[in-house]
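A.B. asks: Those protein sequences? They're chains Z and S, same order as listed. If you're matching positions, the first sequence starts at 755 in our numbering and goes up one per residue. If you're matching positions, the second sequence starts at 229 in our numbering and goes up one per residue.
Please keep in mind that the hints were generated in silico from the structure rather than gathered at the bench. The beta-carbon is built from N, C-alpha and C at its ideal position, and this holds for glycine as well. Any given hint could be a false lead.
[Unchecked claim] To spell it out: a stretch of chain S is covered by chain Z in this simulated footprint if at least three of its residues, at any positions, have a beta carbon under 8 Å from a beta carbon of chain Z; those stretches are:
no., segment
1, 269–283
2, 335–342
[To be verified] No farther apart than 20 Å at their CA atoms in a straight line, the calculated lysine to any residue pairs in the SDA-like style are these:
no., chain 1, residue 1, chain 2, residue 2
3, S, 331, Z, 814
4, S, 331, Z, 805
5, S, 306, S, 293
[Stated by the list, open to error] Now the in silico label distances, taken between C-beta atoms and shown as ranges:
no., chain 1, residue 1, chain 2, residue 2, range
6, S, 274, Z, 764, 18 to 26 Å
7, Z, 776, S, 313, 26 to 34 Å
8, Z, 831, S, 274, 21 to 29 Å
9, Z, 837, S, 275, 27 to 35 Å
10, Z, 770, S, 309, 36 to 44 Å
11, Z, 840, S, 339, 15 to 23 Å
12, S, 302, Z, 831, 33 to 41 Å
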Amino acid sequence: NAGVTQTPKFQVLKTGQSMTLQCAQDMNHEYMSWYRQDPGMGLRLIHYSVGAGITDQGEVPNGYNVSRSTTEDFPLRLLSAAPSQTSVYFCASSRQTYNSPLHFGNGTRLTVT
Amino acid sequence: AQTVTQSQPEMSVQEAETVTLSCTYDTSESDYYLFWYKQPPSRQMILVIRQEAYKQQNATENRFSVNFQKAAKSFSLKISDSQLGDAAMYFCAYGRGGGSNYKLTFGKGTLLTVNP
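Next up, chain S with everything else stripped away, as it sits in the complex (with noise of 0.2 Å):
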């Protein structure tokens, strides 16, 4: 089964500077997802950025990028310039692909907590 390790429970950044929320997973397959979503104290849960196996380029959506190694079964999130509104529970995720999508593997998630 695969799983999905997020090591550090808690992270803490000062406005404006970048932080890294670290992710490792456990797969056999090659084709797969990996997600992190945002999840503020609304509880609303909020893509942040997807990256797709196969791809090697890492994603990027804005301040939020990847650092994608696919053969260390990693799957950091970096946050530049972070913001008070990034403050939130932060959860990467694993999705086996092929439209298996839905039946997504999370971690135990990172509380970010950013610091005027």
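Next up, chain Z with everything else stripped away, as it sits in the complex (with noise of 0.2 Å):
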């Protein structure tokens, strides 16, 4: 009953270091998001997937790099990290069909220094 799966739930980074957050999902669906979550702002779009090798842009996607090679894994990168990028993440999928609600993991908080 994993559900969606992130690692690790802290972390704090100095500028400039790189570090992959990682997702997975054991239900099988095919779509899968990372979100940020910062105060006052909500939850924004950084990068989606459609399907396992298949990924494309949200609404916040500077600085962070993904890639689906698998259905369960949707691994979110930071390759020299900001202190604007200190931040909640989510991680969460979904089913292809019509009425399908997005399953969240429990999120890192990621302190950039």
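With the hints as a guide, bring the two chains together.
C.D. replies: Encoded structure:
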């Protein structure tokens, strides 16, 4: 009954460091997305994928890369972390059906100093 | 682009009372979905209720119900018999439908406090 699993739960980086936020889902969902949550801003879409090998940009993609080599995994890469990327990151997935809601992971709190 | 506006950054309610959270949205689409998500201090995003735009009947889920006014582009959430566990941040979200609900547009949230 895992659902959407994100790791790590917390991370502190220094400016310029790189890291990958992991996301895995075991529901065989076709669609996966990454959002960031900032105080007073709600959640904003970073990147999304409609299936293995297919990714596209969301509202705030700059500074982030994604790939989707399998249906289950959708990692988010920060190539050179900046303080502006301090945020809570959520991975989410859904089925490819008309009314399927998003299922969210528990989030990763990232601090860039 | 679609926008979602939650005009109440914070709300409070007495336990067992009723509270209504407001949400308006802007879209030129006729086919879409609207959602309310709850985020308690645990940070988990929990789907509370959803509404399909083509359905005139307002959605209900136990103590939670919505007032969907399509022409006014309004989608408010009513919580009846409020409980301490309802205290959370509530987000209204818009999904374009047609299988595009992975690309949600969120409002900025309303922080709900429940007073004992």
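A.B. asks: Decide, hint by hint, whether the structure agrees.
C.D. replies: Going down the list of hints, with the structure as the test:
{"no.": "1", "hint": "269–283", "verdict": "holds (count 7)"}
{"no.": "2", "hint": "335–342", "verdict": "holds (count 3)"}
{"no.": "3", "hint": "331/S / 814/Z", "verdict": "holds, 12 Å"}
{"no.": "4", "hint": "331/S / 805/Z", "verdict": "holds, 14 Å"}
{"no.": "5", "hint": "306/S / 293/S", "verdict": "holds, 5 Å"}
{"no.": "6", "hint": "274/S / 764/Z: 18 to 26 Å", "verdict": "holds, 21 Å"}
{"no.": "7", "hint": "776/Z / 313/S: 26 to 34 Å", "verdict": "holds, 30 Å"}
{"no.": "8", "hint": "831/Z / 274/S: 21 to 29 Å", "verdict": "holds, 28 Å"}
{"no.": "9", "hint": "837/Z / 275/S: 27 to 35 Å", "verdict": "holds, 32 Å"}
{"no.": "10", "hint": "770/Z / 309/S: 36 to 44 Å", "verdict": "violated, 52 Å"}
{"no.": "11", "hint": "840/Z / 339/S: 15 to 23 Å", "verdict": "holds, 20 Å"}
{"no.": "12", "hint": "302/S / 831/Z: 33 to 41 Å", "verdict": "holds, 39 Å"}
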